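Can you make the complete structure from the sequences, with help from the hints?
Using my numbering, read the sequence shown as starting at 46 and increasing by one per residue.
Errors might be hidden in some of the hints.
[To be verified] Derived lysine to aspartate or glutamate pairs resembling DMTMM-like cross-links, with alpha carbons at most 20 Å apart:
#1 K67 - E79
#2 K257 - E79
#3 K67 - E243
#4 K67 - E109
#5 K286 - D221
#6 K67 - E84
#7 K286 - E189
If you're looking for bench data, these hints aren't it; they were derived computationally from the structure. No experiment lies behind these values; they were computed from the predicted model shown.
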Amino acid sequence: MQDPFIIAGRRFTSRLLVGTGKYQSLAQTRAAVEASGAEIVTVAVRRMDLSGGGESLQSALPPERYTYLPNTAGCYTADDAVRTLRLARELGGWDLVKLEVIGDTTTLLPDEEGTLRATEMLVAEGFHVMAYTTANPVLARQLEAAGAAAIMPIGSPIGSGLGVQDPDAIARIVADASVPVLVDAGIGTASDAVIAMELGCDGVLLNTAIAKAGDPVRMAVAMKLAVEAGRASYLARRMEKTGIADASSPQTGMITVSA
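Structure follows, in structure tokens:
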């Protein structure tokens with residue numbers, strides 16, 4: 046079955062994107078990422094050693110095998126985010142990037158105005174921007190108009206594990222968008238990933254749900270299967286809901302049982 050997953054002209058097989066933070070060790074990071082089947086991994090430019098020397102993330106997850114998606118975690122202004130991604134491009138040549146402009150330290154929700162402004166600046170400089178945003182259909186349309194390569198609405202706050210809290214808004218974003226839509230943040234377990242994919246999202250990005258699971262490698266496998274199942278279910282088009290029962294067996298041609 047042909048179901049291409051394309052971001053900024055690049056074709057991928059796995060619709061699960063995973064983060065690389067919060068693991069107990071690089072060995073655990075490598076094992077979980079491998080088990081997830083992910084091809085795209087996010088890295089926080091301001092928190093990671095991306096020099097590639099010694100025992101580093103790049104030795105655990107070779108850039109030849111994985112597509113690195115630098116992100117701007119920890120950036121609270123548009124200007125700071127733009128500077129950080131300029132550094133990432135100088136360091137590794139990366140132009141496919143995940144933009145985060147955080148609004149405050151308590152909720153870690155995106156700054157909508159700052160996200161839109163940074164998207165405009167980065168697109169003008171030739172970046173392919175995957176924009177992390179609130180589940181706001183109006184803002185999603187504005188980000189796409191500004192040139193974003195993908196829209197990444199939150200399911201719920203970063204690291205909360207609360208799942209998809211506003212499915213109607215995300216479904217509206219999906220319906221309006223002509224670029225990929227990926228739920229990013231808040232996924233806690235495999236059923237959350239299925240819900241996101243059944244809404245029609247093109248993918249799911251998560252980190253904490255795997256890294257902080259009791260068994261990260263097993264959870265990585267669960268998330269891989271959940272994303273695949275959710276996508277297949279969406280493409281299969283679910284049955285219509287009804288308010289009454291409908292017997293599975295036909296009512297004609299039944300054997301009559303007499304007393």
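Against the structure, the hints:
1. K67 - E79: 16 Å, holds
2. K257 - E79: Given pair K257, E79 holds - Cα atoms ~16 Å apart, limit 20 Å.
3. K67 - E243: 28 Å, violated
4. K67 - E109: 23 Å, violated
5. K286 - D221: Violated, because 24 Å separates the two Cα atoms, which is more than 20 Å.
6. K67 - E84: Given that 20 Å is the threshold and the Cα spacing comes to 19 Å, the pair holds.
7. K286 - E189: 33 Å, violated
Checked against the numbered hints above, the structure breaks hints 3, 4, 5, 7 and satisfies the rest.
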